[in-house]
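Asker: Each chain, written out:
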Amino acid sequence: DSGVTQTPKHLITATGQRVTLRCSPRSGDLSVYWYQQSLDQGLQFLIQYYNGEERAKGNILERFSAQQFPDLHSELNLSSLELGDSALYFCASSVVGLHNSPLHFGNGTRLTVT
Amino acid sequence: QQQVKQSPQSLIVQKGGISIINCAYENTAFDYFPWYQQFPGKGPALLIAIRPDVSEKKEGRFTISFNKSAKQFSLHIMDSQPGDSATYFCAASGGNQFYFGTGTSLTVIP
Numbered sequence: 001d002s003g004v005t006q007t008p009k010h011l012i013t014a015t016g017q018r019v020t021l022r023c024s025p026r027s028g029d030l031s032v033y034w035y036q037q038s039l040d041q042g043l044q045f046l047i048q049y050y051n052g053e054e055r056a057k058g059n060i061l062e063r064f065s066a067q068q069f070p071d072l073h074s075e076l077n078l079s080s081l082e083l084g085d086s087a088l089y090f091c092a093s094s095v096v097g098l099h100n101s102p103l104h105f106g107n108g109t110r111l112t113v114t
Numbered sequence: 115q116q117q118v119k120q121s122p123q124s125l126i127v128q129k130g131g132i133s134i135i136n137c138a139y140e141n142t143a144f145d146y147f148p149w150y151q152q153f154p155g156k157g158p159a160l161l162i163a164i165r166p167d168v169s170e171k172k173e174g175r176f177t178i179s180f181n182k183s184a185k186q187f188s189l190h191i192m193d194s195q196p197g198d199s200a201t202y203f204c205a206a207s208g209g210n211q212f213y214f215g216t217g218t219s220l221t222v223i224p
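Chains as they are written, first to last, in the numbering used here: chain A, 1 to 114; chain B, 115 to 224.
The set of hints was computed from the structure by calculation and includes no laboratory data.
Please read these numbers as outputs of a predicted model, since none were measured by experiment.
Careful, some of the hints might be misleading.
Lysine-lysine pairs mimicking DSSO-like chemistry, simulated, CA-CA at most 27 Å apart [unchecked claim]: (1) K182(B) x K156(B); (2) K171(B) x K57(A); (3) K172(B) x K129(B); (4) K156(B) x K171(B); (5) K171(B) x K129(B); (6) K156(B) x K9(A); (7) K171(B) x K185(B); (8) K172(B) x K185(B); (9) K185(B) x K119(B); (10) K156(B) x K57(A); (11) K57(A) x K185(B); (12) K9(A) x K57(A).
A partial selection of chain A residues facing chain B, derived with a Cβ cut-off under 7 Å [said to hold, decoys possible]: (13) L39; (14) G42; (15) F90; (16) G106; (17) G108; (18) T112.
Don't be surprised by glycine CBs; every beta carbon is placed ideally from N, CA and C.
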């Protein structure tokens, strides 16, 4: 068990809808990363937060947004959903958020858009 | 642009054999190279990692070999076991972001 908790485990929704994915990092970890994993795309970095502030942004669509709250949990909001957004979404946390801190992943949220 | 290139995409090995997965990178600013193991329905889990100041790191049956001049690193799994069947991802980091390879699906046949 990595100590990173993601909810819900599964989410099925229709195109055009909006969903929120939640992540609680490991105790003591200040940094949260969001990744999207599709069958043919591997792990794609979306966004990183450190202690409530956005630290780095990757290939995140404008329809997607995230935030990290004062208690350090994070939420990823996906709106105007399209079929192509169906994927596994992983949250990872690290102690400091610097490159020498390993990432610890949650078990992901599987999003299916119908 | 793929920052880290991983091969092969899939690998089938007999029990007791050696599994070898290769990765290559371009950015010389990368200075941390972890490998992750992912089982179905689970998130990737850190397996072993190396920094470029050493050429090899071994933990149990898992060894990372690192060639700084060639900008390549590889994972060797000795005495491969059916329980090692999983997807393996290499990664590289030199700042805030981790760049992952596309993954290798390893199947160890009993």
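Asker: Could you grab the alpha-carbon distance between K171(B) and K185(B) and see if it respects the 27 Å cut-off?
Answerer: Holds, at about 16 Å.
Asker: When you check the alpha-carbon spacing of K172(B) and K129(B), does it fall within 27 Å?
Answerer: 20 Å, holds
Asker: Go through the hint on F90(A) and say holds or violated, using the shortest Cβ distance to chain B against 7 Å.
Answerer: 5 Å, holds
Asker: Holds or violated: K182(B) with K156(B), Cα cutoff 27 Å?
Answerer: 32 Å, violated
Asker: Taking only the CA atoms, is the gap from K185(B) to K119(B) under or equal to 27 Å?
Answerer: 11 Å, holds
Asker: Does the closest beta carbon of chain B sit nearer than 7 Å to the beta carbon of G108(A)?
Answerer: 5 Å, holds
Asker: Given the proposed pairing of K57(A) with K185(B), does the C-alpha separation stay at or below 27 Å?
Answerer: Holds. K57(A) to K185(B) sits at ~25 Å (cutoff 27 Å).
Asker: Taking the least C-beta to C-beta distance, is G42(A) closer than 7 Å to chain B?
Answerer: Nearest chain B Cβ about 4 Å off; hint holds.
Asker: Given the hinted pair K171(B) and K57(A), is their Cα-Cα distance within 27 Å?
Answerer: 31 Å, violated
Asker: Is the Cα-Cα distance between K172(B) and K185(B) 27 Å or less?
Answerer: With Cα atoms ~19 Å apart, K172(B) and K185(B) stay inside 27 Å; holds.
Asker: Next item in the hint list is L39(A). Is there a CB on chain B closer than 7 Å to its CB?
Answerer: Given a least distance of 10 Å, the restraint on L39(A) is violated.
Asker: Is the hint on G106(A) kept, meaning its closest Cβ partner in chain B is under 7 Å away?
Answerer: With a closest approach of 5 Å, the G106(A) hint holds.
Hint compliance for this structure: hints 1, 2, 13 and 18 are broken, all remaining hints hold.
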